[in-house]
Amino acid sequence: EPEVTQTPSHQVTQMGQEVILRCVPISNHLYFYWYRQILGQKVEFLVSFYNNEISEKSEIFDDQFSVERPDGSNFTLKIRSTKLEDSAMYFCAGAAGVSTGELFFGEGSRLTVL
Amino acid sequence: GQSLEQPSEVTAVEGAIVQINCTYQTSGFYGLSWYQQHDGGAPTFLSYNALDGLEETGRFSSFLSRSDSYGYLLLQELQMKDSASYFCAVRDRASGTYKYIFGTGTRLKVLA
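Line order of the protein sequences matches chains A and B.
First residue of the first sequence? That's 10 in our numbering, and the numbers climb one at a time after it.
First residue of the second sequence? That's 11 in our numbering, and the numbers climb one at a time after it.
Derived by calculation from the structure, the hints in this document are not laboratory data.
All values derive from a computational prediction rather than experimental measurement.
Where a beta carbon is used, it is the ideal one built from N, C-alpha and C, also for glycine.
Fair warning: there could be bad hints in the mix.
A few chain B residues that don't get close to chain A, going by computed Cβ distances all over 10 Å [stated by the list, open to error]:
1) ALA26
2) THR36
3) THR107
Derived coverage of chain B by chain A (criterion: at least 3 residues anywhere in the stretch with Cβ under 8 Å from a Cβ of chain A; other residues may be distant) [stated by the list, open to error]:
4) 54-63
5) 108-119
When you get a sec, could you build the whole thing from the sequences and use the hints?
Following this line, the structure appears as structure tokens:
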């Protein structure tokens, strides 16, 4: 069964460093999302991506964040200068369409900022 | 703005039935989904309601009332493996594009 793959599974970084999180979506998906989840809290929307461009950003997704699709298939979420409060699990998710209400999530990348 | 409220925690015994409620406020509502998340894991899709009424998928059922901005997830014949967090999520198009906004989550504890 196809799945969304995320790397790394866990990254530890120093405050102020740049971090790149990677996602390989399911091949027939058209809609893509990044979410984050601070430990024990809810899943928060960061950004959506459709037709090779960002379709919507949340208030969390400030200038420190960027999303790219460098080779037309894989996605990257970059945090330019990490802060302590960026420590969270980051999930990539995708959907083939919008009528089923179903998102397929990757296993997540845990980011720890020291 | 958008908000989804759920009870923070529910406890039930094996074999019982439990209902997890979700009330929402959003200006671009298109449907309500439910996800299960075990500790350390990713959310996995359970059910979706675009229209009012009950959807049944095995031991899980989900209900939606759009006029009341309310839905619930019903879990029957509870098993220990059902211990997890459950999130409702609104498919929203308030800003012109589809996104999913998640609720506050309900931690379900199933006791033997």
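So, going through the hints one by one against the coordinates:
1. ALA26: Fine: 25 Å to the nearest Cβ keeps ALA26(B) off the interface.
2. THR36: THR36(B) clear of chain A: closest Cβ-Cβ about 12 Å, beyond 10 Å.
3. THR107: Violated, since 4 Å does not exceed 10 Å.
4. 54-63: holds (count 5)
5. 108-119: holds (count 8)
Of the numbered hints stated above, the single one contradicted by the structure is hint 3.
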